[in-house]
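Chemist: So the protein lines, in turn, are chains W and C.
18 is the number of the first residue of the first sequence in this note's numbering; add one for each residue after it.
29 is the number of the first residue of the second sequence in this note's numbering; add one for each residue after it.
If you're looking for bench data, these hints aren't it; they were derived computationally from the structure.
Among the hints, a few may not be true.
Just so you have them, the derived chain W footprint on chain C, three or more residues with Cβ under 8 Å [to be verified]:
no.: 1; segment: 92–103
no.: 2; segment: 126–133
No more than 25 Å apart at the CA atoms, straight line, and that leaves these computed lysine to any residue pairs for SDA-like [claimed, not checked]:
no.: 3; chain 1: C; residue 1: K78; chain 2: W; residue 2: P165
no.: 4; chain 1: C; residue 1: K37; chain 2: C; residue 2: L197
no.: 5; chain 1: W; residue 1: K304; chain 2: W; residue 2: S235
no.: 6; chain 1: C; residue 1: K33; chain 2: C; residue 2: A215
no.: 7; chain 1: C; residue 1: K37; chain 2: C; residue 2: S203
no.: 8; chain 1: C; residue 1: K273; chain 2: C; residue 2: E239
no.: 9; chain 1: C; residue 1: K72; chain 2: W; residue 2: G107
no.: 10; chain 1: C; residue 1: K62; chain 2: C; residue 2: T147
no.: 11; chain 1: C; residue 1: K379; chain 2: C; residue 2: H337
no.: 12; chain 1: C; residue 1: K78; chain 2: W; residue 2: L140
no.: 13; chain 1: C; residue 1: K33; chain 2: C; residue 2: A253
no.: 14; chain 1: C; residue 1: K78; chain 2: W; residue 2: P139
no.: 15; chain 1: C; residue 1: K78; chain 2: W; residue 2: G107
no.: 16; chain 1: C; residue 1: K428; chain 2: C; residue 2: E335
no.: 17; chain 1: C; residue 1: K33; chain 2: C; residue 2: A202
Every residue gets a Cβ at the ideal spot worked out from N, C-alpha and C, and that includes glycine.
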Amino acid sequence: MESVDYNGPTVTSPMRTLGAVLALLLAAGIARGADDLVLGMSAAFTGPSRELGIELYRGAAAYFDAVNEAGGIGGRRVAIRAYDDGYDPGPAIENTVRLIQEDEALLLFSYVGTPTVTRVLPLLRHYADRSIFLFFPFTGAQPQREPPYDRFVLNLRASYRQESAALVDQFVRLGRGRIAIFYQADAYGRSGWDGVRRGLAAYGRVPVAEATYRRGTSFSESFRRQVEIIRAGDPEAVIAIGAYGPCAAFVRDMRDANLEVPIANVSFVGSESLLELLVSAGATAGKDYARRLVNTQVVPSYDDTALPAVREYRALTERYDPRPPAAADRDYRPLEYSYVGFEGFLDAKLLVEILRHVRGRLDRRAIAELLQQPQRYDIGIGEPVTFGPDRRQAVDHVYFTHVVGGRFVPLEDWREFAP
Amino acid sequence: MRLTKLSQKTLLIVAVLFAVIAATTSLLSGWELKRRLTDEYRSKGIAIAKSIADSAVELILNGQAESVQATIDQFLDIPGVSYVLVKNGAGEVISHTFVPEVPAEIRATANEPKMVRATEIEIAGRGRFLDVSAPVLAGIAGFVHVGMDEGAITAVIWSATTRLQLLLLGIFVASVLAASVLVRGVAEPLTRLAGYAGHLAETGVEGPVVEIDPRLLGQRDEVGALAASFRHMETELRRSAAELKHTTAEKERIESELRIARDIQMSMLPKTFPPFPGRAELDIHALIQPAREVGGDFYDFFLTGDERHLCFAVGDVSGKGVPASLFMAVTTTLLRAAAARSAEPAEILAKVNRELCRDNETCMFVTVFLGVLDLETGEVAYCNGGHNPPYRLSDGGAEKLVNPDGMLLGCVENATFRSNRLALRSGETLFLYTDGVTEAMDPSGRFFSDERLELFVGWLRGATAQNATERSMEEVRRFAAGAPQADDITLLVLRYVRV
Numbered sequence: 018m019e020s021v022d023y024n025g026p027t028v029t030s031p032m033r034t035l036g037a038v039l040a041l042l043l044a045a046g047i048a049r050g051a052d053d054l055v056l057g058m059s060a061a062f063t064g065p066s067r068e069l070g071i072e073l074y075r076g077a078a079a080y081f082d083a084v085n086e087a088g089g090i091g092g093r094r095v096a097i098r099a100y101d102d103g104y105d106p107g108p109a110i111e112n113t114v115r116l117i118q119e120d121e122a123l124l125l126f127s128y129v130g131t132p133t134v135t136r137v138l139p140l141l142r143h144y145a146d147r148s149i150f151l152f153f154p155f156t157g158a159q160p161q162r163e164p165p166y167d168r169f170v171l172n173l174r175a176s177y178r179q180e181s182a183a184l185v186d187q188f189v190r191l192g193r194g195r196i197a198i199f200y201q202a203d204a205y206g207r208s209g210w211d212g213v214r215r216g217l218a219a220y221g222r223v224p225v226a227e228a229t230y231r232r233g234t235s236f237s238e239s240f241r242r243q244v245e246i247i248r249a250g251d252p253e254a255v256i257a258i259g260a261y262g263p264c265a266a267f268v269r270d271m272r273d274a275n276l277e278v279p280i281a282n283v284s285f286v287g288s289e290s291l292l293e294l295l296v297s298a299g300a301t302a303g304k305d306y307a308r309r310l311v312n313t314q315v316v317p318s319y320d321d322t323a324l325p326a327v328r329e330y331r332a333l334t335e336r337y338d339p340r341p342p343a344a345a346d347r348d349y350r351p352l353e354y355s356y357v358g359f360e361g362f363l364d365a366k367l368l369v370e371i372l373r374h375v376r377g378r379l380d381r382r383a384i385a386e387l388l389q390q391p392q393r394y395d396i397g398i399g400e401p402v403t404f405g406p407d408r409r410q411a412v413d414h415v416y417f418t419h420v421v422g423g424r425f426v427p428l429e430d431w432r433e434f435a436p
Numbered sequence: 029m030r031l032t033k034l035s036q037k038t039l040l041i042v043a044v045l046f047a048v049i050a051a052t053t054s055l056l057s058g059w060e061l062k063r064r065l066t067d068e069y070r071s072k073g074i075a076i077a078k079s080i081a082d083s084a085v086e087l088i089l090n091g092q093a094e095s096v097q098a099t100i101d102q103f104l105d106i107p108g109v110s111y112v113l114v115k116n117g118a119g120e121v122i123s124h125t126f127v128p129e130v131p132a133e134i135r136a137t138a139n140e141p142k143m144v145r146a147t148e149i150e151i152a153g154r155g156r157f158l159d160v161s162a163p164v165l166a167g168i169a170g171f172v173h174v175g176m177d178e179g180a181i182t183a184v185i186w187s188a189t190t191r192l193q194l195l196l197l198g199i200f201v202a203s204v205l206a207a208s209v210l211v212r213g214v215a216e217p218l219t220r221l222a223g224y225a226g227h228l229a230e231t232g233v234e235g236p237v238v239e240i241d242p243r244l245l246g247q248r249d250e251v252g253a254l255a256a257s258f259r260h261m262e263t264e265l266r267r268s269a270a271e272l273k274h275t276t277a278e279k280e281r282i283e284s285e286l287r288i289a290r291d292i293q294m295s296m297l298p299k300t301f302p303p304f305p306g307r308a309e310l311d312i313h314a315l316i317q318p319a320r321e322v323g324g325d326f327y328d329f330f331l332t333g334d335e336r337h338l339c340f341a342v343g344d345v346s347g348k349g350v351p352a353s354l355f356m357a358v359t360t361t362l363l364r365a366a367a368a369r370s371a372e373p374a375e376i377l378a379k380v381n382r383e384l385c386r387d388n389e390t391c392m393f394v395t396v397f398l399g400v401l402d403l404e405t406g407e408v409a410y411c412n413g414g415h416n417p418p419y420r421l422s423d424g425g426a427e428k429l430v431n432p433d434g435m436l437l438g439c440v441e442n443a444t445f446r447s448n449r450l451a452l453r454s455g456e457t458l459f460l461y462t463d464g465v466t467e468a469m470d471p472s473g474r475f476f477s478d479e480r481l482e483l484f485v486g487w488l489r490g491a492t493a494q495n496a497t498e499r500s501m502e503e504v505r506r507f508a509a510g511a512p513q514a515d516d517i518t519l520l521v522l523r524y525v526r527v
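Model the full assembly from the supplied sequences, consistent with the hints where possible.
Modeler: Okay, structure coming up:
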């Protein structure tokens, strides 16, 4: 596995080449000083979920570039040490041990995935005396929001339960109470499944059908069996808890089987990647696979330029256009903007805010002390974010989006999804 | 590589042996593996189910489905574990690892016991599983199901058996190579030996010496011994062949000498007929047919000094071959010598007898009929020294000259001989012969016999001497009908014609 440090801004072309050379030089010596604020990141940079890890990284990097260019935090530069875990719990654990023991990371940052994070949590408990925190994992699973692990983690985003419950509420309200679940057969899928189940239970309902798929299944495979299981439940809506490849394939096969009920995906799916697959498959098949899709997001739309954070995200991303981490697949084409990238950007922005509020020497213990106190920040998303020792999640808002003109945009009018 | 027969046999034996070994080891190891793996899977499944049931109590009670899921997912990496399913206290499935859905066979399980239980179940389209269920908090908090794939056992057995077979195949190939090298080591010298023997048989012992490979002779084993024996055999064969050749040459030399001896012997007998042209009163003819190259029979006739008397004789020396012929030569010489001094047959024979008995250590003897014919009167004085009595052929028929019978010559020195006389009338014939005629045998072993001869010679009356001998010889030949001739056959016919 390859180690990657993020070292300072990489300015836009034509200075980009020079910047890369400088970055290498810096990586070789100067910037690797003990003074760096090393953020340890283990995420999927390769494999079927690589978009999530790479875009999350790029969003955060855009903000850190700007911070470093402006002199860092208290004069110290921010560097992301990024390792690839391929969305696999085993490597995620190994990476974490390495980040804590060898790299002496200040904190862990923007991990990706429920099965990975769920398995890393006991490690944080093990290193409790080192006060190592995990900031803003890209997962809405429950374990890091509940005892005993909530005290080692700070979340930015709403939970899958909240996303699922919000979807259930909307569909029931629309008269689509017969809800089926399509989910990934692991902790992430189970988390969403649990959210849907709990949401339905509030209405005295249960899912009418449920089908799973194996993590890592690719878009090219058939999901007809799952479609048939779902069809047997005669659902009025389907909530999918999965990764973009399999979820896109599921949507494709549902529509190919003439099942036109609304299909909802949650934030983790990676909306832009999902849409990209569906648009390209639709173009081949001569169909519009993007119809009647609802995706929940846990950050505002990056098209909502009324929000200061969106404007900043767009400006910094355009300015620095961070490269994928070195551990990523070489053939990856970065997205221009994405919900995932925006979430990474907000992760970085809130982290920097927090770190700036640390008094005295910025180290793990000082961060731990700060997190003992209730905090309130404005990161420019239209509402303040709050957290504290009893609230380990900064944002509760769930945003609904649908596809208009080839992009996921905020969904204001639900009438198109009415029965 | 062309395989020798020995190699092929060895290869076949090795192959059969390995097939048997492969089959038995596969069966045994497969059976043993299945037993052990089934036990292992059972205990493994029980251990996993219990461990999940114990460790996930709080997670299950708290309804933390994704944590339960994360817990059970870890166990899927363990070989043989096919699925894990967790139900809560209400009997609802809160986590499972099935894709795309929980099979009906598993959903249907109800009324679970409050203890760990392992049951074999068949899931349609998935195969057979050992379903281990363990209660969580005595079943109050739920149940954990762990499915151990029995198909994996079969797969493991197959893979192990395949590896075993590959190993055996490797050993087999190595063994075949080793065996072929060994067999070649043994068979190749044998093949060369066989080639040597074949070559020897082809060229024969007369041909050029076949060189045997010195490496074969140098081998200190059975092959070496065999090679040495072969060479010894060849040497012996060559020696015997040479001896045989020598012996044959010797025999041929002797036979050629015997032929010369016969020529000499024959030259001693008067062979020109008619012997006395111009002596019309004398019609004499003789034939001799020796049984071997040199016989013991003889005949002789000659005119005495006064030209008035014809001395004639037929004799038979005991034994055959060179000694007999020599004895015969001596006898004829003595007869001629004695006949020159006396015209009295008894005197002649007595004299010859005395001479023959002298120094006759080998105790050979001879029978002789001797007669002296007075050509003017037809009177014949004769003496029979132990010989077959001749026949007198006259108008009265064939008359045997039986009396008196004298002693054969060469045995008793003082034996006495007595002459007899008879008077031949013109046209009468004397027929002299040896026992080769009467004792000639036909193929069935019967003798020609005196009776047959007596009957036959009766028909010869009036025939010329030559006609009589030739017809008689022909008759004997016809009688013998190809049967081998045991003794010399001699005929002498004398026909007296008064001038």
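Chemist: So, for every hint listed, does it hold in this structure?
Modeler: Okay, the hints, checked on the actual structure:
1. Counting residues of the segment 92–103 of chain C whose beta carbon lies closer than 8 Å to any beta carbon of chain W gives 9, which meets the minimum of three for the stated coverage.
2. Counting residues of the segment 126–133 of chain C whose beta carbon lies closer than 8 Å to any beta carbon of chain W gives 4, which meets the minimum of three for the stated coverage.
3. Using a Cα cut-off of 25 Å, the hinted pair K78 (chain C) and P165 (chain W) holds, with the two alpha carbons roughly 23 Å apart.
4. Annotation: proposed proximity of K37 (chain C) to L197 (chain C) holds, straight-line Cα distance about 19 Å (limit 25 Å).
5. Restraint check for K304 (chain W) and S235 (chain W): the C-alpha separation of about 20 Å stays at or below 25 Å, so the hint holds.
6. Taken as a hint, the K33 (chain C) and A215 (chain C) pair is honoured in the structure, with Cα atoms around 9 Å apart against an allowance of 25 Å.
7. Only pairs whose Cα atoms come within 25 Å are accepted, and K37 (chain C) paired with S203 (chain C) is accepted, the gap being roughly 14 Å.
8. With a C-alpha separation of about 23 Å, the suggested pair K273 (chain C) and E239 (chain C) falls inside the 25 Å cut-off, and the hint holds.
9. With a CA separation close to 22 Å, the supplied pair K72 (chain C) and G107 (chain W) stays within the 25 Å bound.
10. A hinted pair counts as satisfied when its Cα atoms are at most 25 Å apart, and K62 (chain C) with T147 (chain C) qualifies at roughly 17 Å.
11. Note on K379 (chain C) and H337 (chain C): the hinted pairing holds, with a Cα-Cα distance of about 19 Å set against a maximum of 25 Å.
12. For the given pair, K78 (chain C) sits about 24 Å from L140 (chain W) by alpha-carbon distance, which is consistent with the 25 Å threshold.
13. Pair hint K33 (chain C) plus A253 (chain C) holds up; C-alpha atoms about 22 Å apart against a cutoff of 25 Å.
14. For the suggested pair K78 (chain C) and P139 (chain W), the alpha carbons sit about 21 Å apart, so the restraint of at most 25 Å is met.
15. A threshold of 25 Å between alpha carbons decides the hint, and for K78 (chain C) with G107 (chain W) the separation of about 23 Å falls inside it, so the pair holds.
16. Note on K428 (chain C) and E335 (chain C): the hinted pairing is violated, with a Cα-Cα distance of about 28 Å set against a maximum of 25 Å.
17. A threshold of 25 Å between alpha carbons decides the hint, and for K33 (chain C) with A202 (chain C) the separation of about 20 Å falls inside it, so the pair holds.
In this structure, the one hint that does not hold is number 16.
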